[in-house]
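Construct all of the structure, not just a fragment, from the sequences and the given hints.
There are 2 protein chains.
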Amino acid sequence: MSATKSSNIHWHGANVTQSERESILGQKGAVIWLTGLSASGKSTIARRAEQLLLERGVATYVLDGDNIRFGLNKDLGFAPADRTENIRRIGEVGKLFADACVITLTAFISPYRADRDKVRELMPAGSFFEVYVHAPIEVCEARDPKGLYKKARAGQIPEFTGISAPYEEPAAAELVLRTGDIDVDGCAMALVNHLVEKGFIPAASV
Amino acid sequence: MSATKSSNIHWHGANVTQSERESILGQKGAVIWLTGLSASGKSTIARRAEQLLLERGVATYVLDGDNIRFGLNKDLGFAPADRTENIRRIGEVGKLFADACVITLTAFISPYRADRDKVRELMPAGSFFEVYVHAPIEVCEARDPKGLYKKARAGQIPEFTGISAPYEEPAAAELVLRTGDIDVDGCAMALVNHLVEKGFIPAASV
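Chains as they are written, first to last, in my numbering: chain A, 556 to 761; chain B, 556 to 761.
These are calculated hints, taken from the structure and not from any lab test. Given the structure is predicted, the values throughout are model-derived calculations rather than measurements. Worth double-checking, as some hints may not be accurate.
To be verified - Covered stretches of chain B, as calculated for chain A (at least 3 residues, CB under 8 Å):
#1 576-587
#2 598-608
#3 612-621
#4 647-655
Note that beta-carbon positions come from the ideal geometry of N, C-alpha and C, so glycine has one too.
Listed below in structure tokens is the structure:
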């Protein structure tokens with residue numbers, strides 16, 4: 556077959572539309588953006604929600620420090636400009652995952668309101684859910700699973716959110732999960748129910 | 556419920572294992588890395604393969620210039636260091652998608668062998684497929700859908716791959732698709748069949 560001929564026959568396929576993709580996969584993409592202090596429970600809630608979603612056959616993925624800070628963002632530090640670029644890239648990756656119809660949970664302190672708002676603006680309207688994972692700092696500090704608060708109090712970690720760097724609370728989060736009052740299953744179920752209510756995933760078959 | 560109590564009851568969920576995720580979703584994640592000259596057919600093949608995969612119910616996603624250069628990598632230019640960082644980030648994102656069990660197709664010229672090899676090294680063994688989308692440069696230049704070769708010949712685009720910048724051919728690509736000889740459906744089907752043969756997606760039900 557000549558090159559000229561091959562360039563005539565079906566050499567430009569139409570793209571899949573987003574509604575075709577959603578229909579085939581049986582779900583719509585979204586970014587569930589968990590924000591809150593260190594040890595407030597973000598990653599634990601995200602991992603539990605991931606389990607619940609997969610048990611329903613929903614394609615889902617968690618972006619957190621473990622898979623981002625040592626990979627995509629390993630060139631970034633913790634100065635304000637780097638923190639902003641960190642969140643920007645995570646937002647862009649979340650947008651790609653949501654475009655692929657994956658329910659995407661992100662678990663980052665993301666202390667600056669402006670950074671979170673920029674991610675919201677990136678996303679198609681209604682597909683970004685800001686979730687404030689809230690616990691009083693005394694509760695987080697008492698948990699301190701990695702000993703970070705202890706180090707921060709000892710001055711060994713500069714610019715530690717809640718101690719020596721600000722955390723800007725969400726002004727209008729879609730959900731607030733108070734992890735001092737509700738256990739991890741309750742928080743994770745609240746996320747799943749929210750996705751069902753908003754029509755992103757089907758209700759569980761009985 | 557007191558904070559102390561809530562931190563005792565199931566506040567650390569086990570993570571989903573990769574084999575559990577694969578079993579639930581019925582597919583394994585992979586990165587199909589299409590490399591080749593401008594207008595060799597990378598994006599067209601990727602989009603057609605995406606259609607074929609979705610028709611089978613397979614979760615898949617294409618990363619290409621349209622969704623990367625104006626988003627995640629909008630801060631990068633075309634100097635060698637920026638090209639390398641461009642490919643590094645795409646590789647890291649592809650790794651995340653594959654970890655989510657999505658069949659991930661990437662369509663970038665990616666002219667440097669070292670950059671492509673670094674992506675291969677990032678990925679779990681056997682889940683990276685380098686696909687050389689090959690057409691003689693005369694064929695690509697005759698297609699020239701965006702008029703880029705014309706501009707490059709006129710000296711209006713510096714460092715244009717194949718004209719004024721090198722393209723380093725793959726030394727050991729998993730597949731070579733000769734788009735001067737095979738049409739887009741044939742190329743896309745070759746990718747799908749390769750995924751079936753390697754056990755990443757089920758054979759089509761008859």
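Outcome, coverage hint (the segment 647-655 of chain B, chain A; C-beta under 8 Å; three residues) | holds (count 7)
How does the coverage statement for the segment 612-621 of chain B fare against chain A, requiring three or more residues with Cβ below 8 Å from a Cβ of that chain?
-> holds (count 5)
How about the segment 598-608 of chain B: do at least three of its residues have a C-beta closer than 8 Å to a C-beta of chain A?
-> holds (count 5)
Tell me if chain A covers the segment 576-587 of chain B under the three-residue, 8 Å CB rule, please?
-> It holds: at least three residues are needed, and the segment 576-587 of chain B offers 3 whose Cβ sits within less than 8 Å of chain A.
The earlier numbered hints are all upheld by this structure, with none contradicted.
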